[in-house]
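Q: Chains Z and L, in that order, are what the protein sequence lines are. Numbering-wise, my numbering puts 126 at position 126 of the first sequence, and it's gapless, one number per residue. Numbering-wise, my numbering puts 429 at position 429 of the second sequence, and it's gapless, one number per residue.
Simulated from the structure, these hints should not be mistaken for lab results. All clues stand as given, with none of them false.
Straight line, CA to CA, 35 Å or less: simulated DSBU-like cross-link-like pairs of lysine-lysine:
{"hint": "1", "chain 1": "L", "residue 1": "Lys-13", "chain 2": "Z", "residue 2": "Lys-27"}
{"hint": "2", "chain 1": "L", "residue 1": "Lys-229", "chain 2": "Z", "residue 2": "Lys-180"}
{"hint": "3", "chain 1": "Z", "residue 1": "Lys-111", "chain 2": "L", "residue 2": "Lys-31"}
{"hint": "4", "chain 1": "L", "residue 1": "Lys-292", "chain 2": "L", "residue 2": "Lys-91"}
{"hint": "5", "chain 1": "Z", "residue 1": "Lys-213", "chain 2": "L", "residue 2": "Lys-229"}
{"hint": "6", "chain 1": "L", "residue 1": "Lys-31", "chain 2": "Z", "residue 2": "Lys-60"}
{"hint": "7", "chain 1": "L", "residue 1": "Lys-31", "chain 2": "Z", "residue 2": "Lys-62"}
{"hint": "8", "chain 1": "L", "residue 1": "Lys-212", "chain 2": "Z", "residue 2": "Lys-187"}
{"hint": "9", "chain 1": "L", "residue 1": "Lys-13", "chain 2": "Z", "residue 2": "Lys-31"}
{"hint": "10", "chain 1": "Z", "residue 1": "Lys-187", "chain 2": "L", "residue 2": "Lys-170"}
{"hint": "11", "chain 1": "L", "residue 1": "Lys-383", "chain 2": "Z", "residue 2": "Lys-111"}
{"hint": "12", "chain 1": "L", "residue 1": "Lys-13", "chain 2": "Z", "residue 2": "Lys-111"}
{"hint": "13", "chain 1": "L", "residue 1": "Lys-230", "chain 2": "Z", "residue 2": "Lys-180"}
{"hint": "14", "chain 1": "Z", "residue 1": "Lys-31", "chain 2": "Z", "residue 2": "Lys-50"}
{"hint": "15", "chain 1": "Z", "residue 1": "Lys-185", "chain 2": "L", "residue 2": "Lys-229"}
{"hint": "16", "chain 1": "Z", "residue 1": "Lys-185", "chain 2": "L", "residue 2": "Lys-212"}
{"hint": "17", "chain 1": "L", "residue 1": "Lys-74", "chain 2": "L", "residue 2": "Lys-292"}
{"hint": "18", "chain 1": "L", "residue 1": "Lys-21", "chain 2": "Z", "residue 2": "Lys-111"}
{"hint": "19", "chain 1": "Z", "residue 1": "Lys-180", "chain 2": "L", "residue 2": "Lys-212"}
{"hint": "20", "chain 1": "Z", "residue 1": "Lys-27", "chain 2": "L", "residue 2": "Lys-21"}
{"hint": "21", "chain 1": "Z", "residue 1": "Lys-187", "chain 2": "L", "residue 2": "Lys-229"}
{"hint": "22", "chain 1": "Z", "residue 1": "Lys-49", "chain 2": "Z", "residue 2": "Lys-62"}
Chain L side only, calculated, beta carbon under 10 Å to chain Z, not exhaustive:
{"hint": "23", "residue": "Leu-14"}
{"hint": "24", "residue": "Ser-16"}
{"hint": "25", "residue": "Arg-17"}
{"hint": "26", "residue": "Glu-32"}
{"hint": "27", "residue": "Ile-141"}
{"hint": "28", "residue": "Arg-189"}
{"hint": "29", "residue": "Val-207"}
{"hint": "30", "residue": "Gln-231"}
Computed from a predicted structure; not experimentally measured. By construction, the Cβ of each residue, glycine as well, lies at the ideal position given by its N, Cα and C atoms.
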Amino acid sequence: MGIITIDKIDHLFWLGRYTERVHTTLKYFLKGTDRMIDADPEYYAEFCKKIGIVNVYGSKEKFLQTYPFDESDPNSIITNLNRAYDNAIVMRDYIGTETMAYIQLALDDIKMAERGNSQSADLILVIDHLLAFWGCVNDMIDNEQIRNIIKLGQGIERLDLYLSLGNPSYEIIRVYRRMKQFLLKSKLRYDENVIYTIDNMISGSDFNYQSVKNLLRNLITE
Amino acid sequence: MNQIIKKSETINKLLSRYGVKFGIYKNGTFKEQLFPFDPIPRVIKHDEFLFLEKGLTQRVDALNCFLLDIYSNKQIVKDGIIPEEFIYSAKGFLPPCDGVVPPKKIYSHISGIDLVQSKDDNWYILEDNLRVPSGASYPMISRELQRRSAPDAFSSNSVIDNRNYADLLKEVMDYVNTGGINVILSPGRYNAAFFEHSYLAEMTGAVLTTGKDIVCENDNLYYIDYNGKKQRVGAVYRRISDEYLDPMTFNEESVIGIPHIFEAYKKGNVALLNAPGNGIADDKGIYYFVPKMIKYYLGEDAVLMNAPTYLPFYEEDMNYVLSNFDKLVIKDVAEAGGYGVIFGNSLTKEKKAEFIDLLKSQPRRFIAQEVIDFYDLDILDEKGNQVPRKADLRAFVLSNGKTKVWPSGLTRFSRDPDSFIVNSSQGGGFKDTWVLSR
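Next comes chain Z alone, as it looks inside the complex:
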């Protein structure tokens, strides 16, 4: 399976991005639900602001039910997981049925969690299966470029989300360096100036999260 077309690169890249979006936002959601138990019941408003989505929920209860499970909410976790599935299903011949199965299992988990009576606990299974998916990507996809394009998508998404969430700079730098490795190995065309500028920002005192986010949007040139 040596031939990769623009169309397939796009699907692989977004498969990486959407799986990571589900992974990070779900972990953050689970932390948030803990905080909403007693410390700050209105925390969901800040949550929405941080991850950059419009707060259309109106109440904690509505948020807890809609944000993870509502397929008609374009920002919900399940919508992002469906997008990951949409990108995976057209790449079965590249990533393999065994790897794809973990996306299907994560989807089954989230639907099961919605019907269950301990939703936050059940949602942990989604994270388990996404980790298994990435394990499978590492272990079962022989083509290095395919692996690296998926990981590049994952790395860019993680970096973008960590920047939005205001994670500590040492974490941002670690994720950025990791993403850079995959960028080089992916053999995709990218804007070297973006990397040069971010490298300088990191090593200097001018490390502005929003600027890095803006720069990242123009990183991949194809």
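Let chain Z serve as the given structure and place chain L on it in line with the hints.
A: Structure of chain L alone, referenced to chain Z:
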């Protein structure tokens, strides 16, 4: 067998895990759903399979001879075996294919032949599918999962392994390949059989494409990679119908085809599996003539029988149909997938009169068949009870110089106790088909 039945839930869970689904459009909305699997297999004894193998090989060989003839000399028409009205008025006869000979002279590389077994134990051919027959991937993947879930069922029964379907398919693609890579051309993610397209691509190592990455230059087909590098394409297992294959030759509004692919095929620069124009051979009107074709081309009597069929086109048959209307099933030759099928006894008096007027005005459009009392197969109902249901068998026959019958097949069943329609698009499920090795 009990081992398999006990593991029904496990097998269905695994089928779900691996995304064994089919797509369906309902009220204009696309939905993917699991293809309901029943764990009780259809079992075909070794001797019975040898008989079926003989009959199916003979039938597909004759149909390939017919296609070669009908798009060249048309000797069978000249010799009065088939009236020309059944050729030129058929939707499946494609004038652009006239005079075009496919690589290695094979038209139907993958044939799906639908059969039923009647209560008197005879097998009857219900229809031939020589365009884009689907369904082989379902018994193939389900066998893998059955063996994982209930190994004892296979160690205690001598069942021929059917997981070689992808190898057989690859052999066929390689045999007709004109030099280049093999690709599977799919209409895309929202096609009913997309699972099968992607799974077969994975299993055969062919490249799955929706055609966007393929161009035709100087009557050759190329697959273009990210860097703009071209790879020649030697064989296209296309899972889109003739009319959408090439907007330059067929339906000009097609956006899922590949412009000029037909020119490349015509020049012998690429193999198309199955060949365009095969629809003439699986036309429901032509079905009537297949036993005559077998005699004509092979000099043999048909091993497998057609269901008793009448052509209202012939006056004698029309009279029979009108006087026995209530006991016949009438099929519109232009329809497929279980649509356009009318059971005479199901119509009200007014509807019947209306339909008979239509039949008289368009006799070539319909065929009538005796209703075969299918041999029912047991399935597990929702409560876990074994209940009988109507079932057919789609046998897959592959042609690569030597015609081979895959020792398995897709057994489809109706979930509705009152229905003869087994199609997945109409709620049917599937079973594995076990062929015993001794």
